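Engineer: Sequence:
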Amino acid sequence: PAGTVLGPGEYRVVWCDGQEGQSEGTNLHTSFRLSGGTGSVALVMPVGAGLEVLDYLNYRGLLAGRSYGNYPDGQPVYRRVFHYATAGTTNNPALAPVPVFINEWMADNINSLTDPADLNNEDWFELYNAGDAEVDLSGYYLTDSTANPFQFRIPDGWVIPAQGFLVVWADNEPGQNVAGGTNLHVNFALSSRGESISLYTPEGVLVDRVSFGSQLADISEGRYPNGGALIGRLMEPTPGAPNASVISTENTPPTLGLLLHRRLLVGQTLAFTATATDAETAASNLVFSLGPDAPAGAVISADGHFVWTPQQPGTNQVWILVTDTGAPPLTASNYFIVRVGALPRFSNGNAVLEQGRLQLRIEALDGLDYRLEFKNRLNDLEWQLLGTLQPTNGWIHFSESVTNGQRFYRLRQSPVQ
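Numbering-wise, the numbering used here puts 299 at position 299 of the sequence shown, and it's gapless, one number per residue.
Honestly, the hints are just simulated from the structure, not real lab data. On a predicted model such as this, the values are computed, not experimentally measured, just so you know. Take these hints with a grain of salt, some might be off.
To be verified - Simulated restraints, written as ranges between beta carbons of each label pair:
#, residue 1, residue 2, range
1, Gly39, Pro225, 50 to 56 Å
2, Gly180, Ala2, 43 to 49 Å
3, Leu343, Phe150, 50 to 56 Å
4, Gly291, Gly405, 53 to 59 Å
5, Ala271, Thr201, 54 to 60 Å
6, Val307, Phe150, 34 to 40 Å
7, Thr30, Tyr71, 22 to 28 Å
8, Ser414, His305, 21 to 27 Å
Quick reminder that beta carbons are idealized off the backbone N, C-alpha and C, glycines included.
The whole structure should be built from the sequences, with the hints applied where relevant.
Structural biologist: What follows is the structure, given as structure tokens:
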């Protein structure tokens, strides 16, 4: 109405009830009503003989009892649903307690359930609302990466009823989502080797997370009872329904990957990454360490990266341990052998010239390849290859006819594999 003024920092409630005649003073009523769920509202001002939009707001999929607007107040770019309506005062971004749990998952779906959208066997997991009121998940985020909490934004309008379930297909096919549907599709898939699934609020606050280890084909894991702390393999998959009882929650030890025996020379560096799997613990949560008699200078990081540069020849037995995060924590161990050889060198008595043939005998480490090279003059640009040789019983033997007045030899060990 004429004469209506809004002071600096002031809020004004406008009742959109179609009863304009009830307006009086600062108590304003419109001649129209807002559409429930989806609609628009605009603030229009007269400019000359016409009208121009000063500000507007579009909303959709809004549930009863929720409001929609700006946060922080007055910024028109990022708008969102509010659980707490705050007419006449500062908008409140606080969220109601969210009793939603990641309740069941299957990360190796070979011949079990089919996605009704395309009839493919794909990864899936289930959300469970343990509360007595529906939970609106509009704008919440799902992810399988702890480094990216905003991986998949749940579209507006997805609601879990009280004590209800929502099946989520982890199929990398979010284009299959349909408004009003009963199955959500996200932009990631699950790893049968183990990982984590997380649910975040629109502000990036963690609601729930589960971590799991290596999965068995067509076997689901989950909480028992629904939303509970006990997690294990389930008797049967039950997406969208209460979980079946747990087969087993007993922790089992991890399994170390293959460790190869190695050969190298003094001063060379051995570096590789050990691997392991575990039925109950994600591979990223396993912790590696060395046994108590590890050779001096050898180290392994918690994630399995082993590095050692031996300084003395000898035979070394190296134990690697890997421990899971179960209750109680369990450890697996295995060892590999590292044979370290001295650097090869020519010495007196190991080169003999007889009847026009040169006989070379050089001590070396069995199992390694060596390159014998030569130059006729030291100032030649390139060494030429005579042959690739392997030791027998710790010695390299080589013989050739001597036709030049002089020849220089060089023995090189091929790179460690």
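Engineer: Determine for every hint whether it applies to the structure shown.
Structural biologist: Going down the list of hints, with the structure as the test:
no. : hint                          : verdict
1   : Gly39 <-> Pro225: 50 to 56 Å  : violated (41 Å)
2   : Gly180 <-> Ala2: 43 to 49 Å   : holds (44 Å)
3   : Leu343 <-> Phe150: 50 to 56 Å : holds (55 Å)
4   : Gly291 <-> Gly405: 53 to 59 Å : holds (56 Å)
5   : Ala271 <-> Thr201: 54 to 60 Å : violated (42 Å)
6   : Val307 <-> Phe150: 34 to 40 Å : holds (36 Å)
7   : Thr30 <-> Tyr71: 22 to 28 Å   : holds (24 Å)
8   : Ser414 <-> His305: 21 to 27 Å : holds (24 Å)
This entry does not satisfy hints 1, 5, going by the numbered hints stated previously.
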